Structures are given as C-alpha cells and as structure tokens.
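If you use this note's numbering, the sequence shown corresponds to residues 1 to 554, in order.
It should be emphasised that the hints constitute simulated quantities derived from the structure, not laboratory data.
A hint or two may mislead.
List of simulated lysine-lysine pairs, DSBU-like, C-alpha gap at most 35 Å [to be verified]:
1. K123 with K47
2. K125 with K87
3. K123 with K87
4. K47 with K125
5. K87 with K47
Keep in mind it's a predicted model, so treat the numbers as computed, not measured.
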Amino acid sequence: MDTPQSPNLPTTTVVDHLVRRFREVGCEEAFGIVGDFALRMFDGLTKAGFPIRVTMDEQGAGFAADAYARLRGFGVVAVTYGAGGLKVANAAANAWAEQVPLLVLSGAPGVAERAGDPMLHHKVKDFQTQLRVFEDLTCAQAVLTSGHTAANEIDRVLSSMLSQQRPGYLEVPRDLIGVPIEAPTGHLEIDLPPVDDVALTEAVADILQHLAQARTTTIHAGVMVLRRRLQSALRDLAISGNFPVASSSLARGVFPERADLGLGLYMGAVSPEAIVRRVEDADLVLSMGVLQTDLTLGVFTTQLEHERLILCDDSEVTVGYRTYKQVPLWALLPSLARAVAEQNITLAHTPLGPEEIHGSAGMAAATDEPLTVQRTVTLLERQLDERHGLLLDPGEALFSAVDMRVPSWAHGSAYYATMGYAVPAALGAGRADPQRRPIVVVGDGAFAMTGMEIAGCAFHGVHPVVIVLDNAGYGTQRPIMDGPFNDIPALQSEHLPAVLGLGQAWRVRTEREFEEALRAALASEELSIIHVCLAAGDCSPGLARLGAALARRV
C-alpha cells in the first residue's frame, strides 16, 4: 500500500476527504450497519462529525439512504464487507433502475492482510467477488489501494454518480483508514450531458411552432426533472403557458398536484379517467424527463400518438418523428420556459376538481361501513397537507395512491417495484426533510418484510404514521393468478408498540374508525401504526382500471 512521499504535497485522510465531498453535495449523514472490517471506517466518519444511522438490516439502510438521496440529491449506505455489502445489492439495483445517486460505501479487509489469498470470514470466491457484483449495479466503482490515488478515485466515483444520476461503489480497506493520502484542491467536478447549441436552438423553435398551433397542451413531468433539479424551470414553463402538469409515478412532488395547474398522477389506464382525458386528449403533450417504463406508463396502456408527443429525456429531444441529439433536459427545459414567456404563449385551462377524480361517492363523509381501499385513500387524502410526505410501497399502496393528489412529495419503488421499500425509506426521508412527517402506506406482505425498521425510525428521531393495508396476503398478485403462494402469516401489527416500548397503534375496520385513528395519529408526535383490515378480494380503482385495460388486449 503506497502513501504520499513528498513533504510538499498537501495531505488528508480517506475519512476526511469523504466527509468533505459528502458535505459538498449536501449529504450530512449515512445509514448502515457496522462489521469488523468496517469498524475503523465507521469510527472515523463518526468522529469527523458524519453520523451513520443504524438500521435493523442492511437492506433497510440501503432503502433509507435511497430515500435520503431522492430528497437531498445524494445518499450513502455504509456496510461491512461480504455479508453486509451483498445484502444491499437489491437496494443498489433499485437505485440503478430509478436513477438514484446512492453510494455503497463498504469497509473491507486490509490490503496487507489479503496477501497470500487467505480464507478470511465474509470472503466468497476471492476478494474481488463483491466488486464484481456491484460492477453490474453501479455506474462507477473503486477499491482504494494507494494513498497516491485514493482521493482521485473517490472523486471519480462521486463525479460519475452525479453526472449520470446512478449509484456508485467504494470499497475501503481497513488499513487505509487514517493513512495520509494526497489531497486534491478545488471542488468536485460534475459533467452534465453535453449540449449542441445549434441543435438546442432548432429544437426550441420546433417546439414553439407546435405550441403555436395547439389549442391544448399538457406537460407530463418525470423523474429526471427532479434528478437534475429543474423544478423551478418546470414551474416557469407551466405558469407562463398556462399548461397543466401531470406527474409521473417516479416524480410526485415535481409540481404541486393540488395547484390549479396540477392534475395529479398520469399512469396510463391506471389513472382516473378525468386525468387520462386531460393528457391523452391534449393537442400536444410535453413529456419532460419521464422514464419510459412499463409501470410508469401503466404497463404501456398510455395512448399518446407520436405526432402529438414531444419527448424530452436526459440527453435528447424527439419532436414527432425528428430527434435532436445532444439536447439534454437540463438545457432544453429552461430555454423552452424562457422562449414561451418571451413569445407570450398562453393557453386556456380549467382546473380539475376533486369530484372529477373521486366521484360523488368518494367525496362522501366517513360512515360506519367497512373500509375499502378506495375509501381509505380518499379519507387519507383529506387529512394530509404540506406538513406530510408519502412513502408508498409497491402494490396496492402504490396503485391506490393514483387517485390521490398529494400535498408535497410521494416516493416509492415505482418502477423496480421492490417490496419492503417504504418503511425503511421513512427514516431516510424523515432525516432528509425534517419539516415533513413521513406517512407510510404499505401492504401487509411488504410490512412483514421490513416493518421492524420502524424501530430504527423512532430511535433516530423520525416518527412516521404507518398505514398497513391488510388484505390477507399478496393482493396485487391475486387478480393475475391466485393460489396458496399468495397467502402469508397474519401479523397483529397494532401490538408492535408494546414490543418496542413506544408508539401507539389502532386496528380499524370501518371508515369512521380509520378517520378517527388517523386524526389522532396526525395530532400526535409519536410513532403511529394504523392496521387497516380489508376484505381479501378488495382492490383499488387504479388496480381495477389496469386489469380492465389489460383484459381488452386479450
């Protein structure tokens, strides 16, 4: 292991350089579980004023760091080698699929103790096994081995992550902690996707021509608007042109859904018909940074004619059948917003009322009738405001929220769809945005996987309201194919506060019981669990609409 030899070179340590860069990108803490190969790294980071929030499991730490990154722009999950690192592979896969800059920071056996290839604990085939796994799950990787190159390797990985908005991997041998390393000067360099100025000008002119001919235009706003921090430009464009905005499932919070120009979530046939019509019947649809995935587009049930669609992604723009290369979203969106304002292009728009989404029955007051998924979501939406953020688990929790216009943000594994995301994500979200209380909506199946992460939430000062939708098993799978593989053990989640020694909980079966429990939970600052008992065959309107649309294909 080499260390800097010249006395004239400025030096630092791996830990100090990591903390410097983390703070530079807005990351103030990590999430993880220690192990012997990571003890020195955890100790060094903690003493440098960079705390690591301990979770109940490494995967939970990965999901917490992922949610932190979605709100802050960068997240870190810290683990030990092998048995710890390989447990966050699923979290890294989720981050890759949904373009989240999540750093997997792994302690590791020292460089010296690897000599002779000994059979150390946590080792699999060889010392490179964990690295090879993460080569497929991250955009940049580095195993630090030399004091001469350590800082540059760290910077290379972090720069690639932020440039590409993908996860990265750093492996730190324990005998490198505390060793002097060469210290680079200056800030981290981040390369955005390249822009061709001529192509950008022509693309904007082409879009303006289409806007001038359109009577109605709708914006479909996607996750890359969030990742590239373009929310202000999006709002300028929408307000200047009076264009309504529908969010994609990965980008809830990118535009105020309850504003006059907010439509809510567009997810193809999964969305309420009123929202579908506002998008699919528009003369022009501006798709801004939307990942074109099956779940984002309602299992490809969107009906958007190519001639009426302007598709803007992270690197290029397609207007009808013409594609402009090297016209990335970060350059196009602000330029288009300025051009629309200068051209004074303003179209007519009538705000969407809540009754158009929920219908008169959905708007009714709570009764003593048994709860349904639809009524649970409607009653939940009424009590939420800008003090709350939503964490939605895949399945009914995600599909049911299609009928909800959220007051701030809502995050979940909405494309990769890994169950068990939402509860541990509440910790990361609560730490990243302490002004908003996390409201978790999770199915009974997913809660069984990661529900104990509520203990970590409370331990670190985050007190979510957790709503468990209990439909006696894997309810999203039953309409596709039912069988005993969809049956799971029943959990009495309302008893968990007694196990944890903190918090409060309710078991509810009727609309009025849920409304009263939710009101009490939101009024309290304690960890709260609401166990919602549903009929096994009940499903949300969103899931029912999706099933009907898919049935028409058969």
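Report task. Could you work out which earlier hints the structure fails to respect and list their numbers in ascending sequence? Result -> none
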